[in-house]
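Chemist: Take the given structure of chain F and dock chain Z with the ligands to it, following the hints.
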Amino acid sequence: MSLVELLKKDVRFQEGLSACINCGTCTAICPAAHFYNYDPRIIADTIQRGNEADILDLLESDTIWFCGECLSCKTRCPRNNTPGYIVQALRNLSQELGCFTKSERGRQQLEVKRIIGENMIKYGYCVYLDEIDLDGHPEQGPVWQWYKDHADSILKRLGANYKGDGPGTMRKISEEDMSELNRIFEVTGAIKRFEDIEQHCRVEIAK
Amino acid sequence: MKIEGKQRLWDEYQKEIADDHYYFARSCIRQNFFPGSEIAFLRILKNYLHKDVYDDPHQTTCTGIAYHSALIPFETTRAVVARQFSLMNQAGYENFVPSCVTSFGVYSEVIETWHHFPETLEQARQQLYEATGRKFSCPENLVHTSDIIYKYRMEIARQSRYKLINRNTGEPLKVVEHIGCHYAKMFPKKGVGGAEFPSVLSGMIEAWGGAVIDYPERRHCCGFGFRNYIIKENRGYSLSNSKLKFDSMEPYKPDFIVANCPGCTYFLDRWQYVIAETTGKTYGAEGYGIPVLTYEEMAGLVLGMDPWDLGMQLHQVSVESLLDKINIQYDPAKKYSGYMNENIGIPEKPDFLKI
Ligand code: SF4
Ligand code: SF4
Numbered sequence: 001m002s003l004v005e006l007l008k009k010d011v012r013f014q015e016g017l018s019a020c021i022n023c024g025t026c027t028a029i030c031p032a033a034h035f036y037n038y039d040p041r042i043i044a045d046t047i048q049r050g051n052e053a054d055i056l057d058l059l060e061s062d063t064i065w066f067c068g069e070c071l072s073c074k075t076r077c078p079r080n081n082t083p084g085y086i087v088q089a090l091r092n093l094s095q096e097l098g099c100f101t102k103s104e105r106g107r108q109q110l111e112v113k114r115i116i117g118e119n120m121i122k123y124g125y126c127v128y129l130d131e132i133d134l135d136g137h138p139e140q141g142p143v144w145q146w147y148k149d150h151a152d153s154i155l156k157r158l159g160a161n162y163k164g165d166g167p168g169t170m171r172k173i174s175e176e177d178m179s180e181l182n183r184i185f186e187v188t189g190a191i192k193r194f195e196d197i198e199q200h201c202r203v204e205i206a207k
Numbered sequence: 001m002k003i004e005g006k007q008r009l010w011d012e013y014q015k016e017i018a019d020d021h022y023y024f025a026r027s028c029i030r031q032n033f034f035p036g037s038e039i040a041f042l043r044i045l046k047n048y049l050h051k052d053v054y055d056d057p058h059q060t061t062c063t064g065i066a067y068h069s070a071l072i073p074f075e076t077t078r079a080v081v082a083r084q085f086s087l088m089n090q091a092g093y094e095n096f097v098p099s100c101v102t103s104f105g106v107y108s109e110v111i112e113t114w115h116h117f118p119e120t121l122e123q124a125r126q127q128l129y130e131a132t133g134r135k136f137s138c139p140e141n142l143v144h145t146s147d148i149i150y151k152y153r154m155e156i157a158r159q160s161r162y163k164l165i166n167r168n169t170g171e172p173l174k175v176v177e178h179i180g181c182h183y184a185k186m187f188p189k190k191g192v193g194g195a196e197f198p199s200v201l202s203g204m205i206e207a208w209g210g211a212v213i214d215y216p217e218r219r220h221c222c223g224f225g226f227r228n229y230i231i232k233e234n235r236g237y238s239l240s241n242s243k244l245k246f247d248s249m250e251p252y253k254p255d256f257i258v259a260n261c262p263g264c265t266y267f268l269d270r271w272q273y274v275i276a277e278t279t280g281k282t283y284g285a286e287g288y289g290i291p292v293l294t295y296e297e298m299a300g301l302v303l304g305m306d307p308w309d310l311g312m313q314l315h316q317v318s319v320e321s322l323l324d325k326i327n328i329q330y331d332p333a334k335k336y337s338g339y340m341n342e343n344i345g346i347p348e349k350p351d352f353l354k355i
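Protein chains in written order, with the working numbering: chain F, 1 to 207; chain Z, 1 to 355.
Chain F extracted, bound-state conformation (with noise of 0.2 Å):
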């Protein structure tokens, strides 16, 4: 099957591209365009020109990887495209044929899936206070080491149920629900994903 016509059985990519006019609106608008040498309106444009070894190219470049995901786009493109889907269209075939191991930007999916992918499967959250520390995340600044350092103390105070049974802010997730989730990882993928993220990097380093 070529690229596109595994492209175009993605519902992310059906409706991402329909007809690009090469405006560029979705150039102006772009806050990753903005900051990175990055164009959205070439990604529709290659895509839709469907040369197979360009699309090979984007699949291989850091380029798939800049996107903020912040869907601007998806509002403002005259013809109802959606560069930041087809993106994400990129992206999944990307992980899926290991291209993305060829870039830099790529290979950062590893660090995503240790930190996102774990916390989900530890704590049934995204994000959890417990693995936030100010040498990861600066930014935090002080006030972030003096919530963790008391965290017990100033969630309680102020009524949540911090690794708590029950209902309510920063509760426990019971295991009963962590296992529907982890249930769900499985049928629908999201394990095997996790797991060929680390092969196609352990392949990658071995060479």
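Take the hints with a grain of salt, since some may be wrong.
25 Å max Cα-Cα, derived PhoX-like pairs, lysine-lysine [unchecked claim]:
| id | chain 1 | residue 1 | chain 2 | residue 2 |
| --- | --- | --- | --- | --- |
| 1 | Z | 325 | Z | 174 |
| 2 | F | 148 | Z | 232 |
| 3 | Z | 349 | F | 148 |
| 4 | Z | 354 | F | 102 |
| 5 | F | 148 | Z | 354 |
| 6 | Z | 46 | F | 156 |
| 7 | F | 163 | F | 148 |
| 8 | F | 172 | Z | 46 |
| 9 | Z | 15 | Z | 189 |
| 10 | F | 163 | Z | 46 |
| 11 | Z | 174 | Z | 46 |
| 12 | F | 163 | Z | 335 |
| 13 | F | 122 | Z | 232 |
| 14 | F | 156 | Z | 325 |
| 15 | Z | 281 | Z | 253 |
| 16 | F | 122 | F | 163 |
| 17 | Z | 349 | Z | 335 |
| 18 | Z | 349 | Z | 325 |
| 19 | Z | 334 | F | 148 |
| 20 | Z | 174 | Z | 232 |
| 21 | Z | 253 | F | 148 |
| 22 | Z | 334 | F | 156 |
| 23 | Z | 354 | Z | 335 |
| 24 | Z | 354 | Z | 325 |
| 25 | Z | 281 | Z | 334 |
| 26 | Z | 349 | F | 156 |
No lab work stands behind these hints: they were computed from the structure.
Given the structure is predicted, the values throughout are model-derived calculations rather than measurements.
Modeler: Same frame as chain F, but now just chain Z with the ligands:
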């Protein structure tokens, strides 16, 4: 009655917000970073507006941050959303109210996808059943938590103890409102005022006596960018986008910023600290920052709730300049106390940013 002219035009920018009986869906980021705000939301709904709202312990992450970082397949997100809806069905509710703007975008996007691609709805049903034995149906009404505070803004104004007015000048406070991109840019019809006139926050500000600042980069993204923030090396993206906004709003001298999205609130607070520490530049008066509030904090202050019960001591930019302008009564000594007034010390002071 036939609705005509301007009224008909503006009706297109309104959205249906259920009156009562809400199933509350929590935000991972807000619970961790602004733990007082969801608690305040529930208190405002229960104690001031006398609404029925259900806080379900069985929910999990919606996976939105992972989905927008391309970490998990869209199928996974759709099935997790299906499970959240199944929990709502099980609890006997029909009005689903997520507290996170990323989640709100995810729920809206999944429902739209099921609508446009019915085979994906069938797939979600099968996958959820296979994984958990659950079935589900979609909510009758899906709104963001800020929509509900917006809906009841006049009732909150009626019960208010304070107004968003500078007590020294008698003038309305000047407020920057920042709406999370995924609130109305993805699906304009799902936001109050659409993508062109989003009024969910400006409606609250004006109802409570403040004035909204219209500045050039008002609708620019805060710069979260998912993997652009999660990965330390990429974080300059997030900082640069927020700085673009600060530089653009600075000439209008905002008294405070309010946001309806967890990431935005956090970034607009913390990047001011980073800019101050790395460059010496501060955006508030006399070496302070511009306070950044969640809409529940803004509503809570207006209703007379204690700023430290609202969790405002967890901001890195201090909020006292704002409390003093409004003349809110607060006890400075209680700011950093723990549970039952326990002495837990105080955070270190930043080098440049005054707090
Ligand atoms: S979704 Fe991506 S391509 Fe679209 S405007 Fe945002 S950053 Fe740019
Ligand atoms: S705004 Fe739409 S039509 Fe214009 S260049 Fe971007 S994708 Fe193409």
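Chemist: Need the list of violated hint numbers for this structure, in ascending order.
Modeler: 4, 11, 14, 20, 21 and 25
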